[in-house]
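K.L.:
The primary structure of each chain is shown beneath.
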Amino acid sequence: MSAEPVNPLADTDIEKLRQEMLAFARLQLNDAHLAEDAVQEALAGALKNSSSFSRKATLKTWVFSILRYKIADVLRGRYREPVQQECKDCSTDDDSYFDSAGHWQTGSAPRAWGNTDQLVTDEHFWRVFDACLEVLPGEQARVFMMREFVELDTHEICDALEIKPANLHVLLHRARLRLRACLSSSWFNAEAQ
Amino acid sequence: MMLSCEQASKLLSEAQERPLKLTERAGLTMHLAMCQGCREFGRQVSSLRDLIRRSEDHDDTQGK
Ligand SMILES: [Zn+2]
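Those protein sequence lines, which keep their order, are chains A and B.
Just so you know, we're using the working numbering here: the first sequence kicks off at 59 and counts up by one.
Just so you know, we're using the working numbering here: the second sequence kicks off at 168 and counts up by one.
Possibly wrong hints are sitting among the right ones.
[Unchecked claim] Coverage of chain A stretches by chain B, computed from C-beta distances (three or more under 8 Å per stretch; other residues unrestricted):
#1 168-182
#2 204-215
[Said to hold, decoys possible] Residues from chain B that keep clear of chain A, each with C-beta distances beyond 10 Å, as calculated:
#3 K188
#4 T190
#5 E191
#6 R192
#7 A193
#8 A200
None of these hints come from the bench; they were simulated from the model.
Small disclaimer: the values here were computed from a predicted structure and weren't measured.
The C-beta atom is built at its ideal place from N, Cα and C for all residues, glycine as well.
If we strip away everything but chain A, and leave its shape as in the complex, we get (with noise of 0.2 Å):
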């Protein structure tokens, strides 16, 4: 067994994560004091698991996607819609990778990808990973790494974020289908994109 991990933040990226966090969030809500809240309540959540990410960019993603359901939550509060808010990103048909039968669209079907157990060492794989990584939609990105680098299991997930293993099973079928693309195209070359 490996020793215990180790928190890939030192104080002073802390400090510089949580100022970019608070640009964000100032942005989005447009009010400081919500803002700074906000920014507290993802920090301390996110950081609770930050042994899970060895690479500073993941964490950060992962860091970010917890802030951006903390903005949504103030704002549905403050737009007092219904809290039980659809997933989103399970409507959004943006599922160009198959044609209207289901089938791989031409170009998308996926191709080999070749050996990958040299990977995990190589620092630019994993600089085009957390790239795909963040270009996925923000609900996709966070359960994903709560399924893969938190180590999760569905029950929590669904749990954690009040939706419906239904949905849950969509939305990691989804990131799974973007991030394999992105990984395809950016760095095996595997399919023309």
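Since the structure of chain A is provided, determine the placement of chain B with the ligand on it from the hints.
P.N.:
Structure of chain B with the ligand alone, referenced to chain A:
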């Protein structure tokens, strides 16, 4: 009934979260026998998990 690639890839994704039912496994096996794209999808989905798990054991991959 034949599964579409969308359904097959969804099952391959769900298999990462829960054990598939017998009927699901049967449908998937049939589909995969004929569909290379979905076979690759299945491989890649488990490669992703494997890479992420192994990366967490590699604290030396951290940036400076
Ligand atoms: Zn298929």
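K.L.:
Run every hint past the structure and note whether it holds.
P.N.:
Structure-based check of each hint:
1. 168-182: Since three or more residues must qualify, the claim that chain B covers the segment 168-182 of chain A holds, with 9 doing so at under 8 Å.
2. 204-215: holds (count 5)
3. K188: Given a closest Cβ separation of 14 Å, the condition holds.
4. T190: Non-interface label on B/T190 holds, nearest chain A Cβ at 17 Å vs cutoff 10 Å.
5. E191: The claim stands: B/E191 keeps its Cβ more than 10 Å from every Cβ of chain A (closest is about 12 Å).
6. R192: 16 Å, holds
7. A193: 18 Å, holds
8. A200: About 15 Å separates B/A200 from the closest Cβ of chain A, which puts it past 10 Å; holds.
The structure is consistent with each of the numbered hints, conforming to all of them.
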